[in-house]
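Enquirer: The primary structure of each chain is shown beneath.
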Amino acid sequence: MEPESGAWSPYLVGLLIGLLSMATFYFSNKPLSVSTAYARLAGMIGNLFSRGHTESLKYYQDTKPKIEWGVMLVFGMFLGAFIAAVTGGEITAEWVPSLWEDRFGPDVALRLGIAFVGGAITAYGARLAGGCTSGHGISGALQLSVSSWVALTCFFIGAVATANLLYRL
Amino acid sequence: MSAMTTPSNPSPDSAPPVLVIPAQTHEKNDTYDPGKPDSARQLVLGLLFGVVFGFLLQKGGVAKYEVLMGQFFLTDFTVIKIMLTAIIVGMLGIFMLRVLGLVELHVKPTRYAANIAGGLLFGIGLGLLGYCPGTGIAALGQGNYDAIAGILGLMAGSYFYAETSGSLGSSIQKIGNRGLIMLPDLLGMRLAVFLAVFVPLLLLGLYVVGQLSP
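Chains A and B, in that order, are what the protein sequence lines are. Quick note on numbering: the first sequence equals residues 22 to 190 in the working numbering. Quick note on numbering: the second sequence equals residues 32 to 245 in the working numbering.
No incorrect hints appear here.
Derived DSS-like pairs (lysine-lysine); straight-line CA-CA distance at most 25 Å: (1) B/67 / A/79; (2) B/205 / A/85; (3) A/87 / B/67.
Bear in mind the hints are in silico, worked out from the structure with no lab data behind them. From a predicted model like this one, the values you see are computed outputs, not experimental measurements.
Let the sequences and hints guide you as you build the complete structure.
Expert: In structure tokens, the structure reads:
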């Protein structure tokens with residue numbers, strides 16, 4: 022029996038996320054999805070530097086860089102995770118995860134550099150695929166979108182290969 | 032049973048009229064017009080739903096780098112247990128609400144080449160970052176400061192995608208473009224029949240995962 026990875030049972034958490042998903046469809050007419058919010062925030066920053074250029078991009082003509090439901094969702098997620106970690110005594114306050122440190126050492130710059138590059142590839146992939154672990158992996162999959170099951174399978178193949186190359190070579 | 036017809040029927044005149052009922056019975060909001068700003072009510076709801084989502088991700092343990100990576104090493108199945116359970120509950124719930132005319136579906140378009148290439152890229156990035164876009168913000172909330180670099184990377188990658196979006200739209204996005212298809216369409220099955228087979232299969236999968244990795 023392995024130790025619990027989370028404070029709560031994964032089945033309970035999954036059940037509650039499923040119910041939350043129903044609530045967002047019913048009350049907001051929107052599926053849970055996260056990655057687009059980062060694109061909107063990036064577009065807002067782009068607007069600060071060159072509004073004309075940002076507005077000329079096809080993606081930002083379809084997806085307006087502004088604070089909307091999905092961006093508020095992401096702000097809320099930060100708050101919710103903070104509340105959960107504080108009340109559960111699980112605040113980590115660390116720059117380098119322990120598993121990473123065991124493998125690559127305590128160099129903060131290395132971890133941040135790889136995290137930045139990883140984040141950039143993740144976001145590019147999410148936009149190309151049309152969603153992330155939430156939008157495709159949960160919301161799209163539960164609506165039986167063919168694209169979501171294809172994307173979710175590819176997420177997994179890519180991540181399993183990369184993680185094992187990083188840690189097992 | 033027309034309520035159980037999937038919304039991908041290619042012939043518009045055979046589309047069941049029930050598809051428009053949810054738009055009338057459901058409270059009218061601004062999701063149909065991407066140019067119009069969300070109402071204050073929607074913004075507050077988004078924030079509240081986010082608080083719940085972030086809280087649950089943290090309690091589930093998936094905001095931890097080690098738990099997400101453990102899933103990819105196939106040593107920790109927390110991520111799959113949470114996702115499969117959420118998918119099963121949400122699937123039953125949302126198709127039930129839809130039959131009652133209380134919600135609309137938001138099926139994502141299928142573009143095979145983009146879904147596969149983007150999906151693989153996403154996976155590679157995920158293996159490097161160790162957080163997904165959702166669990167990354169939750170990781171930051173619990174004090175994993177390396178998620179800051181990840182989030183900046185997510186924004187940079189999104190902007191770079193926007194830079195390339197014009198040419199992608201006329202190339203890879205067109206390959207294998209099938210529109211809003213659903214799994215039962217692939218098999219030529221009715222939605223209700225498909226669910227009656229698929230949901231027990233997912234439950235069996237969840238049971239097997241639980242047995243292999245208690």
